[in-house]
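Chains as they are written, first to last, in my numbering: chain A, 1 to 291; chain B, 1001 to 1291.
The hints are simulated quantities; they were obtained by calculation from the structure and are not laboratory data.
Note that CB positions come from ideal geometry on N, CA and C, so glycine has one too.
Do not take every clue at face value.
Now the stretches of chain B that chain A is said to cover, found in silico as 3 or more residues with beta-carbon under 8 Å [to be verified]:
#: 1; stretch: 1041-1054
#: 2; stretch: 1109-1120
#: 3; stretch: 1139-1148
#: 4; stretch: 1198-1210
#: 5; stretch: 1262-1270
Pairwise CB distance ranges (calculated) [claimed, not checked]:
#: 6; chain 1: A; residue 1: 169; chain 2: B; residue 2: 1223; range: 55 to 61 Å
#: 7; chain 1: B; residue 1: 1130; chain 2: A; residue 2: 10; range: 51 to 57 Å
#: 8; chain 1: B; residue 1: 1005; chain 2: A; residue 2: 24; range: 53 to 59 Å
With a straight-line Cα cutoff of 30 Å, these simulated BS3-like cross-link-like pairs (lysine-lysine) come out [as the list claims (entries may be wrong)]:
#: 9; chain 1: A; residue 1: 255; chain 2: A; residue 2: 43
#: 10; chain 1: A; residue 1: 201; chain 2: A; residue 2: 255
#: 11; chain 1: A; residue 1: 242; chain 2: A; residue 2: 255
#: 12; chain 1: B; residue 1: 1242; chain 2: A; residue 2: 102
#: 13; chain 1: A; residue 1: 102; chain 2: A; residue 2: 201
#: 14; chain 1: B; residue 1: 1242; chain 2: A; residue 2: 242
There are 2 protein chains.
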Amino acid sequence: MSAFPAALSRAQDMVEARLQDEINTLPQSDVRDAMAYAAQGGKKLRGFLVLESARLHGIPPTIAVQAACAIEAIHAYSLVHDDLPAMDDDDLRRGQPTVHVKWNEATAILVGDALQALAFGLLARDDAAPTPAARLDLIASLAQASGGAGMVLGQALDIAAETAATPLTLPQITALQAGKTGALIAWAACAGARMAQSETKALAAYAHALGLAFQIADDILDVEGDATLAGKRLNKDAEAGKATFVSLLGLEGAKARATSLVAEAQDALAPYGDQAQILRDAAQFVIARRN
Amino acid sequence: MSAFPAALSRAQDMVEARLQDEINTLPQSDVRDAMAYAAQGGKKLRGFLVLESARLHGIPPTIAVQAACAIEAIHAYSLVHDDLPAMDDDDLRRGQPTVHVKWNEATAILVGDALQALAFGLLARDDAAPTPAARLDLIASLAQASGGAGMVLGQALDIAAETAATPLTLPQITALQAGKTGALIAWAACAGARMAQSETKALAAYAHALGLAFQIADDILDVEGDATLAGKRLNKDAEAGKATFVSLLGLEGAKARATSLVAEAQDALAPYGDQAQILRDAAQFVIARRN
């Protein structure tokens, strides 16, 4: 039996508890309450990738948890802003009302802003990595992955696509997703190597294939999934006439591509041998998940 | 004659040019164009404070410019988000249409998000301070100053005040402004000491008084100012029935308080002797400015 589900569950519990603790140290305000709400739940897949890549590089969870919380704070901020009426206009996230629905838009904007600041603050802590150089590398790479050349660029391309005359091509949608989803997944998977100031090449190759498989699986779930399980509105891209991996490759083609990407991700972990089995199983999980 | 205007003008030119260069290295997108637009113009007072406090601690502008750009990127992001319809709903900033008016709300949200990431990325650069420890201190303190215990908290208190049954008291509005405006001004004024890993006490005392004087001056300008010179809508707090330093202290009382705060700010610089004359003159400027 795979050790992956237990490892994911441990990561979820650890990251959830620590992130809530960090938010609770802030002065009381609606924004703090809404930050705690926004950071709750979810798969914590990115946090898990940080903890697991850290383990492969001999970094204990007591150190890696800071970076795991940082990437989950960035992910949570991106969801809160993405759900805003001016962006995707979603009322439901993780099965609960979105922040701007439960509070208001102003609070949702500020929640995202403060979660981003929290992420960088966590990485600057003395115990966020064994050396100052490693902490600075984590910060510089997270700024790159989340900003105007990474996640925000992916979002910007997504917005531009909505008003474009023709649907995106496969290379265009791959580039968009590399920013929107791929950049944070790659940062998470490489974080352990960065903490140890080691080579990130194998983990980056793993993450590149994993991130794309993750997004293709999302597009498949959008068509085949159960909205109750997913805890969010489904099929919205197809309804909006947006190109997706499914619309471009067909349902069977998308499934085949996701399967081959998972194999590619798993192969990339060869340098880590048996130690990386949990990450291999995680790749399988990404396309087998139902939410 | 004071050396302050020339120093401010040099700081403006240097920070403006470097910030535009940094934004231009990002991949092209509407968000990048709008980031460049949002970062343009303004007084660059926070960037000037960074460069000037750095000079007092023997740190050259070639190093300090990174932190000066970082604080201006944070300031610009806060203005873009603050101007959004869900927040202050302002159409005009620095005499130009605000980002959400010129582009759209989604772009404005992403512009703020990417400017924040840029700020932290700049501080993680090898040349952002002489030592890794100093760079990490700049990052940790900026996360604190801009996040849910600093600037965002100030904004949250401001939003809460709008729906409160009674107007804010003087201590409440002072606490609100300490977050909303004071935290970034304090970070900027202390940045030079942090870069040199020196004591921040004198600069923090200077900044505390300066930040409050700045906000009182803003409230006075809101009543007495010229909207064309200010380049933004005036008198909106009074129209909204919000408590301001002017409504609480009266116009003359507010002016007297600002004047005594400037003296307090100037006195705090005693440990720096004549070297700090430009910062003393800057404090005077803050209450004498017409926009």
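- prompt: Which hints from the list above does the structure break, by number from lowest to highest?
  reply: 1, 4, 5, 7, 8, 13, 14
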